[in-house]
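S.K.: What follows is the residue order along each chain.
Number of protein chains: 2
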Amino acid sequence: MKKFEEKTIRTEHIYDGKVVKLEVDDVTLPDGQTAKRELLKHPGAVAVIPITKDKKIVFVEQYRKPLEKSLVEIPAGKLEPGERPEITAVRELEEETGYTTSDLKLITSFYTSPGFADEIMYIYMTEDLKPLKDAVAGDDDEFVELLELTLDEAKQYAREQRIHDAKTNYAILYLESLERM
Amino acid sequence: MKKFEEKTIRTEHIYDGKVVKLEVDDVTLPDGQTAKRELLKHPGAVAVIPITKDKKIVFVEQYRKPLEKSLVEIPAGKLEPGERPEITAVRELEEETGYTTSDLKLITSFYTSPGFADEIMYIYMTEDLKPLKDAVAGDDDEFVELLELTLDEAKQYAREQRIHDAKTNYAILYLESLERM
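The listed protein sequences derive, respectively, from chains D and F. Per the working numbering, residue 153 is the first one in the first sequence, and the count goes up by one each step. Per the working numbering, residue 153 is the first one in the second sequence, and the count goes up by one each step.
Treat the hints as calculated values from the structure; they're not laboratory data. There may be inaccurate statements among the hints.
Chain copies aren't distinguished; within one or between two, either way the pair holds.
Once the Cα atoms are required to be at most 16 Å apart in a straight line, the calculated EDC-like pairs of lysine to aspartate or glutamate come out as [what the hints assert, rightly or not]:
| hint | residue 1 | residue 2 |
| --- | --- | --- |
| 1 | LYS257 | ASP280 |
| 2 | LYS173 | ASP293 |
| 3 | LYS170 | ASP291 |
| 4 | LYS221 | GLU312 |
| 5 | LYS208 | GLU175 |
| 6 | LYS221 | ASP270 |
| 7 | LYS170 | GLU331 |
Please work from the sequences and hints to get the whole structure.
M.R.: Quick look at the structure:
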């Protein structure tokens, strides 16, 4: 859908980083006026809801520099250029949790913040976790701690805002909805 | 929680825009190594799930330049500096839908993309909508179209990815969970 399309007149490339790019576009609005749009380019991301045989959810705790605190989240990571999301999902699951899976189910996808960013997030679930024999090395600038929580424990973490991000809050609401069916 | 804290050694200010700021920090990791962190600063945002007397949900369709397409979303907007989120929520509801309310309930809050951005999103709901006598002017660079949909219609929009962002997907899942109770 192109309703109210904003045509680009000019693009200013501000920053080209390891994770994100920033551009500022001059655009023509539907009424002919012009405006500036700040656009954050992101490769996209995946997350996995990993459920163990005893019905616990595997989370990772990591420091989130933009917030200056650590959060407990479902395992997640960025897409490599051209990579299929389900490949990224298995890789991130292996690197962050030491489990692998051959049975991923796509739950949903969504743009995290469409007002300024093009980041899309794919959320998968697996109830078929197998421990890896050998650990897989992840990014050497990532430090994560594993937690396995029941859904009730996870809901308590969310109330305490130790869980407090879009994909993980969505995952908890999704698992609650499955319990009610 | 400060687990795995990353201390800032140096901050490079890249861009200071109308909506976002971009910084790149050099940080010390828990193992003593250093790394770069790309940090998007955002004022935070609110969204409202507006339910009409006949149980329809009020959405707005608008062009999202980062995606080069329009999306159907629940009404939302950015916090002004120092503004309480529930004040922003009423303002955005009035500007975007022509309704007002004196009864907002906070449903949840979450960081939209904690890996690179500090944006927090507060989601409210109201089932007490009153039409405004006079329209309230919104931002003059915003063009939105109103839609009132049943939950089933909204779920169909989500399947077609005309609804496809974190806050609105969360809102639909939340409303589904209320129906099941």
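S.K.: Would you mind marking each hint as holding or not holding in the structure?
M.R.: Against the structure, the hints come out as follows:
no.: 1; hint: LYS257 to ASP280; result: within (10 Å within a copy, 38 Å between copies)
no.: 2; hint: LYS173 to ASP293; result: neither (20 Å within a copy, 24 Å between copies)
no.: 3; hint: LYS170 to ASP291; result: within (13 Å within a copy, 33 Å between copies)
no.: 4; hint: LYS221 to GLU312; result: within (14 Å within a copy, 37 Å between copies)
no.: 5; hint: LYS208 to GLU175; result: neither (42 Å within a copy, 38 Å between copies)
no.: 6; hint: LYS221 to ASP270; result: between (25 Å within a copy, 11 Å between copies)
no.: 7; hint: LYS170 to GLU331; result: neither (40 Å within a copy, 44 Å between copies)
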